[in-house]
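Q: Take a look at the letters that make up each chain.
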Amino acid sequence: MKYKDYYETLGVKRDASADDIKKAYRKLARKYHPDVSKDPAGEEKFKDVSEAYKTLKDPEARAAYDNLGKHRPGEDFRPPPDWGQGTGDGSFSYEDVDLSDLFAAFGGRGRRGGSIPIPGQDFEVNAPITIEEAWRGTELELNLSVPEHDGTGGVRRVPLVFKARVPKGVTDGEKLRLPGKGGKGLNGGPNGSLYLNISFKPHALYRAVGHDLYLDLPLTPWEAALGASVEVPTLAGPVRLKVPAGTNSGQKLRLAKRGLPKRGEGEGNLFAIVQIVVPPAPTDREKALFNDLADASKFDPRAAFPKGDGK
Amino acid sequence: MKIEITDAKWLCEHPEVSLDELVELSGLSSELLLELVEYGALAPTETTMATGTRSSDEMQTMQWRFTSDCVVAVQTVSRLRADFDLDANALSVAMMLIERIHGLEARLQELQSHFPQVK
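First to last, the sequence lines map onto chains A and B.
Residue numbers for the first sequence follow the numbering used here, so the first one is 1 and each next one is one higher.
Residue numbers for the second sequence follow the numbering used here, so the first one is 1 and each next one is one higher.
It should be emphasised that the hints constitute simulated quantities derived from the structure, not laboratory data.
Nothing here was measured: the structure is a model prediction, and the numbers come from that model.
Yeah, the Cβ is synthetic: ideal placement off N, Cα and C, and Gly gets one too.
Treat the hints with caution; some may be incorrect.
Said to hold, decoys possible - Derived BS3-like pairs: lysine-lysine, alpha-carbon spacing no greater than 30 angstroms straight-line: (1) Lys57/A with Lys262/A; (2) Lys9/B with Lys311/A; (3) Lys9/B with Lys184/A; (4) Lys175/A with Lys27/A; (5) Lys9/B with Lys38/A; (6) Lys9/B with Lys262/A; (7) Lys9/B with Lys201/A; (8) Lys9/B with Lys287/A; (9) Lys47/A with Lys9/B; (10) Lys9/B with Lys257/A; (11) Lys163/A with Lys9/B; (12) Lys201/A with Lys168/A; (13) Lys27/A with Lys2/A.
To be verified - Just a sample of chain A residues kept apart from chain B, beta carbon distances all over 12 angstroms, derived: (14) Lys13; (15) Asp15; (16) Ala63.
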């Protein structure tokens, strides 16, 4: 088992008062809590902070932790033989155990000897999927390491491998639930749930907002001015889109029901956002034609600007 | 090795959830959820407000339905309560602020999507 220095994690001295520990925890929680902080590394940091606090705030757990002695963080160690009456008989193996699991037994939850049904823990997993996977539904292989109670108060980490079928129609940021796939309930309590936090991986073409998709539609100046029929990629394959004459940059052209399927029935829309693009390296002929157009046209796109003296 | 396949379920199968379902999904007590309703942070849907009878508060509470959108908010609040040791009043303020932030983030994401990404 690897040692973790909970005092160092919270940035307090080993003889800090309960109040100081609480203050240090709250300060760090405000900084790193995933619901509050936008720090991408916040979630991991908060887990460490929270684990440290859960043990140190409970006088009994803190005393037991102190009894482990001081080790270097990350150092492999075994608790002394007489340590922790709540962890079963002496044959308990500490090989597959995380330090936090030892202290989960303190403070009520998971305590041995009780006969009150205790519901299993809920687990949460981040599940990044592609927009294509959301469109047709997908199967995710989940490979987790979860704590499991051995029935005598001991806890060990066990691998949990299974596939989750994600229905079509999920959106970015949505949560899915796998009932019964969380921690095992104790004393007849129900099993916990496993939650999948669905997020969309960035896509080369599409941006998703709910069930709607947005796509950039680059047009040449003449396609925009004269109108055109252009091929647009959709999740179901390319379709032809009629661009009306006189289309401007930034205009949204709607392709009805070409977005993501909705739960139940119906689909979102696909919006093509027009962007007028000029040839990056025009040929002499193209330049000449643009010059002719410049000479022939009286169009003033800045007619609304106040007229200055040009200086 | 054969790998078991489990169907991932929508957070709620219906567009509305009952108070009991909300208790199950959030891990919060029904007392605390009722307090959040009192503070106005959590609102039962109007249809159920109408079917409840004024003469029997308890009956009304039993019949309350909430939109399933609030499940995620209530789960967030449940985490905040555990991690920050907040009371119902603080939670209701946090809940309203979180709702506003989510609304703004959704709007920002929508506006950003309108913005051409072509270089």
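Q: State for each hint whether it applies.
A: Against the structure, the hints:
Proximity of Lys57/A to Lys262/A is assessed by CA-CA distance (about 46 angstroms); at most 30 angstroms being required, the pair is judged violated. The straight-line distance between the Cα atoms of Lys9/B and Lys311/A is roughly 66 angstroms, outside the 30 angstroms bound, and the hint therefore fails. For the proposed pair Lys9/B and Lys184/A, the alpha carbon gap of about 19 angstroms is at most 30 angstroms, so the pair holds. For the hint linking Lys175/A to Lys27/A, the alpha-carbon distance of about 29 angstroms falls within 30 angstroms, and the restraint holds.
At most 30 angstroms may separate the alpha-carbon atoms for a hinted pair to count; Lys9/B and Lys38/A meet this at roughly 28 angstroms. Pair hint Lys9/B plus Lys262/A holds up; C-alpha atoms about 15 angstroms apart against a cutoff of 30 angstroms. Taking the CA atoms of Lys9/B and Lys201/A, the gap is about 21 angstroms. The hint holds against a cut of 30 angstroms. Distance restraint check for Lys9/B and Lys287/A: the Cα-Cα separation of roughly 59 angstroms exceeds the 30 angstroms cut-off, and the hinted pair is therefore not satisfied.
With a CA separation close to 26 angstroms, the supplied pair Lys47/A and Lys9/B stays within the 30 angstroms bound. Proximity of Lys9/B to Lys257/A is assessed by CA-CA distance (about 24 angstroms); at most 30 angstroms being required, the pair is judged to hold. At roughly 13 angstroms between alpha-carbon atoms, Lys163/A and Lys9/B fall within 30 angstroms of each other, so this suggested pair holds. Note on Lys201/A and Lys168/A: the hinted pairing holds, with a Cα-Cα distance of about 16 angstroms set against a maximum of 30 angstroms.
With a CA separation close to 26 angstroms, the supplied pair Lys27/A and Lys2/A stays within the 30 angstroms bound. Listed as outside the interface, Lys13/A is consistent with that label: its C-beta sits roughly 22 angstroms from the nearest C-beta of chain B, beyond the 12 angstroms cut-off. A cut-off of 12 angstroms between C-beta atoms confirms that Asp15/A is not in contact with chain B; the least separation is 23 angstroms. Even its closest Cβ contact with chain B, about 22 angstroms, leaves Ala63/A beyond 12 angstroms, as expected for a residue assigned away from the interface.
In this structure, the hints that do not hold are numbers 1, 2, 8, in rising order.
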